[in-house]
Amino acid sequence: MKIDNSLPLEYSTEENRLKILGFWIFLGAEIALFATLFATYFTLVNRTGNGPIGADIFEVTPVLIETILLLTSSFTIGLGINAMRHGSKNAMMVFFIITLALGAGFLGTEIFEFKHYVHIGAGLQVSAFTSILLTLLGTHGAHVTLGLFWGLFIVLQVKKRGLTPETTNKAFIYSLYWHFLDVVWIFIFSFVYLKGMM
Amino acid sequence: MNMKQLFPRGHVMGFIFSMVLTAVALGVVVYDLSFKTGMIVLLVTAFMQAGVQLVMFMHAGESEDKKAIYTNVYYALFIALVTIFGTLLTMIWGYQ
Amino acid sequence: MDYFDRFAVPHSSPMIVGSQIAIAVTVLAILVGVTYFKKWGYLWREWFTTVDHKRIGIMYILAALLMLFRGGADAILMRAQTAIPDNGLLDGQHYNEIFTTHGVVMILFMAMPFIIGLMNIVTPLQIGARDVAFPRLNAVSFWLFFWGAMLFNISFVVGGSPDAGWTAYFPLASVEFSESVGMNYYAIAIQIAGIGTLMTGINFIVTILKMRAPGMTLMKMPMFTWSILITNLIIVFAFPVLTVALALMTMDRLFGTNFFTMANGGSDMLWANLFWIWGHPEVYIVILPAFGIYSEIISTFARRNLYGYKSMVVSMVAISVLSFVVWAHHFFTMGHGAMVNGIFSITTMAIAVPTGIKIFNWLFTLWKGKIEFTVPMLYSLAFIPIFTIGGVTGVMLAMASADYQYHNTMFLVAHFHYVLIPGTVFAVLAGFTYWWPKIFNFQLSERIGKWAFWFIVVGFNVTFFPMFITGLDGQARRMYTYSEATGYGPLNLLSFVGALGLLIGFAFLVYNIYWSTRYAPRNVTSDPWNARSLEWATHSPVPEYNFAIVPEVDSSQAFWDSKNNGPALFKGKYKEIHMPNNSGVPFVLGIIFFVWGFAMVFSMWIFAIISTLGIFACMAHRSFEKDHGHHISVEEIEETEKKLRGANA
Ligand code: HEM
Ligand SMILES: [Cu+2]
Numbered sequence: 090m091k092i093d094n095s096l097p098l099e100y101s102t103e104e105n106r107l108k109i110l111g112f113w114i115f116l117g118a119e120i121a122l123f124a125t126l127f128a129t130y131f132t133l134v135n136r137t138g139n140g141p142i143g144a145d146i147f148e149v150t151p152v153l154i155e156t157i158l159l160l161t162s163s164f165t166i167g168l169g170i171n172a173m174r175h176g177s178k179n180a181m182m183v184f185f186i187i188t189l190a191l192g193a194g195f196l197g198t199e200i201f202e203f204k205h206y207v208h209i210g211a212g213l214q215v216s217a218f219t220s221i222l223l224t225l226l227g228t229h230g231a232h233v234t235l236g237l238f239w240g241l242f243i244v245l246q247v248k249k250r251g252l253t254p255e256t257t258n259k260a261f262i263y264s265l266y267w268h269f270l271d272v273v274w275i276f277i278f279s280f281v282y283l284k285g286m287m
Numbered sequence: 002m003n004m005k006q007l008f009p010r011g012h013v014m015g016f017i018f019s020m021v022l023t024a025v026a027l028g029v030v031v032y033d034l035s036f037k038t039g040m041i042v043l044l045v046t047a048f049m050q051a052g053v054q055l056v057m058f059m060h061a062g063e064s065e066d067k068k069a070i071y072t073n074v075y076y077a078l079f080i081a082l083v084t085i086f087g088t089l090l091t092m093i094w095g096y097q
Numbered sequence: 002m003d004y005f006d007r008f009a010v011p012h013s014s015p016m017i018v019g020s021q022i023a024i025a026v027t028v029l030a031i032l033v034g035v036t037y038f039k040k041w042g043y044l045w046r047e048w049f050t051t052v053d054h055k056r057i058g059i060m061y062i063l064a065a066l067l068m069l070f071r072g073g074a075d076a077i078l079m080r081a082q083t084a085i086p087d088n089g090l091l092d093g094q095h096y097n098e099i100f101t102t103h104g105v106v107m108i109l110f111m112a113m114p115f116i117i118g119l120m121n122i123v124t125p126l127q128i129g130a131r132d133v134a135f136p137r138l139n140a141v142s143f144w145l146f147f148w149g150a151m152l153f154n155i156s157f158v159v160g161g162s163p164d165a166g167w168t169a170y171f172p173l174a175s176v177e178f179s180e181s182v183g184m185n186y187y188a189i190a191i192q193i194a195g196i197g198t199l200m201t202g203i204n205f206i207v208t209i210l211k212m213r214a215p216g217m218t219l220m221k222m223p224m225f226t227w228s229i230l231i232t233n234l235i236i237v238f239a240f241p242v243l244t245v246a247l248a249l250m251t252m253d254r255l256f257g258t259n260f261f262t263m264a265n266g267g268s269d270m271l272w273a274n275l276f277w278i279w280g281h282p283e284v285y286i287v288i289l290p291a292f293g294i295y296s297e298i299i300s301t302f303a304r305r306n307l308y309g310y311k312s313m314v315v316s317m318v319a320i321s322v323l324s325f326v327v328w329a330h331h332f333f334t335m336g337h338g339a340m341v342n343g344i345f346s347i348t349t350m351a352i353a354v355p356t357g358i359k360i361f362n363w364l365f366t367l368w369k370g371k372i373e374f375t376v377p378m379l380y381s382l383a384f385i386p387i388f389t390i391g392g393v394t395g396v397m398l399a400m401a402s403a404d405y406q407y408h409n410t411m412f413l414v415a416h417f418h419y420v421l422i423p424g425t426v427f428a429v430l431a432g433f434t435y436w437w438p439k440i441f442n443f444q445l446s447e448r449i450g451k452w453a454f455w456f457i458v459v460g461f462n463v464t465f466f467p468m469f470i471t472g473l474d475g476q477a478r479r480m481y482t483y484s485e486a487t488g489y490g491p492l493n494l495l496s497f498v499g500a501l502g503l504l505i506g507f508a509f510l511v512y513n514i515y516w517s518t519r520y521a522p523r524n525v526t527s528d529p530w531n532a533r534s535l536e537w538a539t540h541s542p543v544p545e546y547n548f549a550i551v552p553e554v555d556s557s558q559a560f561w562d563s564k565n566n567g568p569a570l571f572k573g574k575y576k577e578i579h580m581p582n583n584s585g586v587p588f589v590l591g592i593i594f595f596v597w598g599f600a601m602v603f604s605m606w607i608f609a610i611i612s613t614l615g616i617f618a619c620m621a622h623r624s625f626e627k628d629h630g631h632h633i634s635v636e637e638i639e640e641t642e643k644k645l646r647g648a649n650a
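Residue numbers (the numbering used here), protein chains in the order written: chain A, 90 to 287; chain B, 2 to 97; chain C, 2 to 650.
Any given hint could turn out to be false.
What the hints assert, rightly or not - Computed cross-link-like contacts, DSS-like style, restricted to lysine-lysine with a CA-CA straight-line distance of at most 27 Å:
| no. | chain 1 | residue 1 | chain 2 | residue 2 |
| --- | --- | --- | --- | --- |
| 1 | A | K259 | A | K91 |
| 2 | C | K572 | B | K67 |
| 3 | C | K627 | A | K248 |
| 4 | B | K68 | C | K311 |
| 5 | C | K572 | C | K221 |
| 6 | A | K284 | B | K68 |
Unchecked claim - Covered by chain A, according to a simulated footprint, are these stretches of chain B (three or more residues, beta-carbon under 8 Å):
| no. | region |
| --- | --- |
| 7 | 13-22 |
| 8 | 65-77 |
What the hints assert, rightly or not - Pair ranges (Cβ atoms, derived):
| no. | chain 1 | residue 1 | chain 2 | residue 2 | range |
| --- | --- | --- | --- | --- | --- |
| 9 | A | R250 | B | I17 | 32 to 42 Å |
| 10 | C | V393 | A | N94 | 20 to 30 Å |
| 11 | C | H622 | B | I93 | 24 to 34 Å |
Hints are computed from structural coordinates only; laboratory data are not their basis. Glycine included, every Cβ here is placed at the ideal spot set by N, Cα and C.
For reference, chain A alone in the conformation it holds in the complex (with noise of 0.2 Å):
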């Protein structure tokens, strides 16, 4: 394995930056995901047959909470990758954690959110508008929870292995997902809810 050291050592191999540019090239993947979900948001928004409005169920606080959570682990995570890069493991792997247990409580959130959806008559099966609503959300909901599982992976094999080039390009990879389903989110949040709500 040929390691340059004068790159990061997430970049130090040429399976490294493979690696990379290749999860790039998924993000550019997930965008086209996304985007057909919220044109068929956008398509059905206002079909809602007999169930509800999107302004009767929506509500700012727990979004607000959602939203605040997700972009301050996106900023922890942020701070764990530099971390990562003046190469102390230890205030990389506290900044992660931060990072997985405020993706957690957003995932709660979310979960008491659709509960109440449901709760309140706006279920999957409702309208056209609540099932394109719940799998948009739940299509994003999805990824954290992935993240989340993937995120601990690397907390362990960093907490065992140390900060190595497959490590350090892992964690670095993550990163990259875990910012970009904040992207998706604030997108959501101005889109669906906000919009939703004027």
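Got chain A; can you put chains B and C with the ligands on it based on the hints?
Chains B and C with the ligands only, in chain A's frame:
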């Protein structure tokens, strides 16, 4: 590591910026804006947020593959806009 | 026993029972045969666990050929049913099932894997790389495709085939109108294969962008590699749309959501919209690699540099963008206003421009060339005029107001077969013949190949040209029968005759493989066609590591130059080579996906949950695994090279 290394300026600024943008976006439900103004505010804040993440946190431009990465992101953005506005065109606006 | 009733085919017939027995017997025979000849170990070590792009490519092509015959059987049945008026060979339901599976199998499980197979074998060789960027992921891609295809195919004998067309329009595809599990198979099997394809897309973009031989700038890449880069770009951005559309369909059918329903706000046309946002780019995904193959073959056998390299590249880039902005031409008759139809008419016509540019470039390459009429070249030469008919009729369809007349008639069917068959099918057959000696170190018989070629070309035109005429006369597509009074009888009979011609052509193709494997002369050189690009610079068959020394390149036909007193390709000494390890996980993951898909199709939730956990377990395993690959020592390289040089001096 000291505090300055742990919390580099760029990241802190990015974070504050994203909080401010969230607050501004929230304005559309607090104040009584027209739909058009509201949408403009949301579009501007959302894309600025995305830019903050991309440039300040994701380091999109830091590696030798900068060109490929940006081409990829722009292409994806193009596809996203075409998918969304094209669908609106064929499914909703096209009938009016 | 009630539990097992769900697996019965709801609308059975002697033909289906016969197939059930035949399939059961074949599977059993294969299992017994492999066990008897003690080949499990060999299969597992050399094929099921391989991460070598060449072997993966071979498996893709094998599967594609298998699917070609499955889809071909459907096709012959359709033509036989419509050969005479009021025919009773098939009833309406069976006809629906057969045209549905024909379309899906041919596009997704024949054309796509054939192309991906060729791209696997050729691309790394053409850019002077030792493998693809992510060899393990490549194996995952293949096994997801393979098990997805298998899942789709068993629908015929377990639970019932899909029957709403390859386009699966709602409300036809809803549970209300398609009660059997057929459309569940459609949604889930394509989903599994599609995920594999998406990963292929990422893999090859990175491979081409990052692993080219030193000196090979983007504008010095062979044209086939260019076409593959652009194709994969389209794959990466089009397939997620299909992923979403299929997921929404699955939810509508299994979980009672209201995306495409007729009640509670659902929109059936939204399905058509999403399907074609993927669907139109998809037709370019299967045509662009064909353009790449023809470019290689035409310049090789015209013995000339490809004319207009730059304009070829520019037109492909243009196509990659335009292919995403034309999709509404598939539903001009949906009822939106002149504005929308106008926009999409214009973009559609615009896409004919870069396509036309490419046609002229091939013609200019041929101009004054010393043309050699080999089998691959014959396909390429036949492609140009026939494809042009397809393109011109496409432009006719692109005029929205005229399309009200053509839409969903046999004219449309003729159009897309006139682009897909000379485009994609001829190209993969040409590429298959052209690259065959690189893989197996002997050539397919030119004599038998020419018989196959003529039967296929003539058979194709006899089958599909009459459809232009009956289509203009108003014969609708997908109708299982018609009355004598319509007057469609004679031309449909002619189509059937043509289809038999195609069948004979494909039989020659199979016979050619058999004959040449037994009798063709061995030990041809590693460059039997006197070709131009790097894949011909290494030995045939290609060693595991592709190139003992990484070539250095300074033009788009470096190998040709080096043969003609240009700079040497291989400089320096052997060095230790790092290669990836084999792994059984991709294969196992494929099987788990198959089980998951099957469980989802039949709503067997416990199995679905268990297999979902299995999928996550594979991913977790990958995360924790340490795999640094292995090294091939200098002595080993020397030995292999000596042996291979003896093989083709
Ligand atoms: C010159 C470029 C082309 C133009 C202008 C064109 C135009 C069209 C139009 C307008 C339709 C829809 C007609 C209708 O439904 O009434 C259509 C259908 C179709 N085209 Fe093309 N086309 C072109 C090239 C191609 C190529 C290169 C392929 C594939 C390799 C292709 C494959 C298809 C298929 C599969 C369908 C219809 C499938 C279905 O409805 O089942 N076309 N084309
Ligand atoms: Cu099209």
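Going down the list of hints, with the structure as the test:
A distance of roughly 18 Å separates the Cα atoms of A:K259 and A:K91; the hinted pair therefore holds under the 27 Å criterion. Annotation: proposed proximity of C:K572 to B:K67 is violated, straight-line Cα distance about 31 Å (limit 27 Å). With a C-alpha separation of about 15 Å, the suggested pairing of C:K627 with A:K248 holds against the 27 Å cut-off. Proximity of B:K68 to C:K311 is assessed by CA-CA distance (about 20 Å); at most 27 Å being required, the pair is judged to hold.
Under the criterion of a C-alpha separation no larger than 27 Å, the hint pairing C:K572 with C:K221 is consistent with the structure, at around 19 Å. Proximity of A:K284 to B:K68 is assessed by CA-CA distance (about 34 Å); at most 27 Å being required, the pair is judged violated. With a cut-off of 8 Å between beta carbons, the region 13-22 of chain B has 4 residues touching chain A; three or more are needed, and the interface restraint holds. Counting residues of the region 65-77 of chain B whose C-beta lies closer than 8 Å to any C-beta of chain A gives 8; at least three are required, and the coverage claim holds.
Checking the proposed 32 to 42 Å range against A:R250 and B:I17 shows it holds: the Cβ atoms sit about 35 Å from each other. The given range of 20 to 30 Å is broken by C:V393 and A:N94, whose C-beta atoms sit roughly 60 Å from each other. Our hint of 24 to 34 Å for C:H622 and B:I93 is violated, since their Cβ atoms are close to 46 Å apart.
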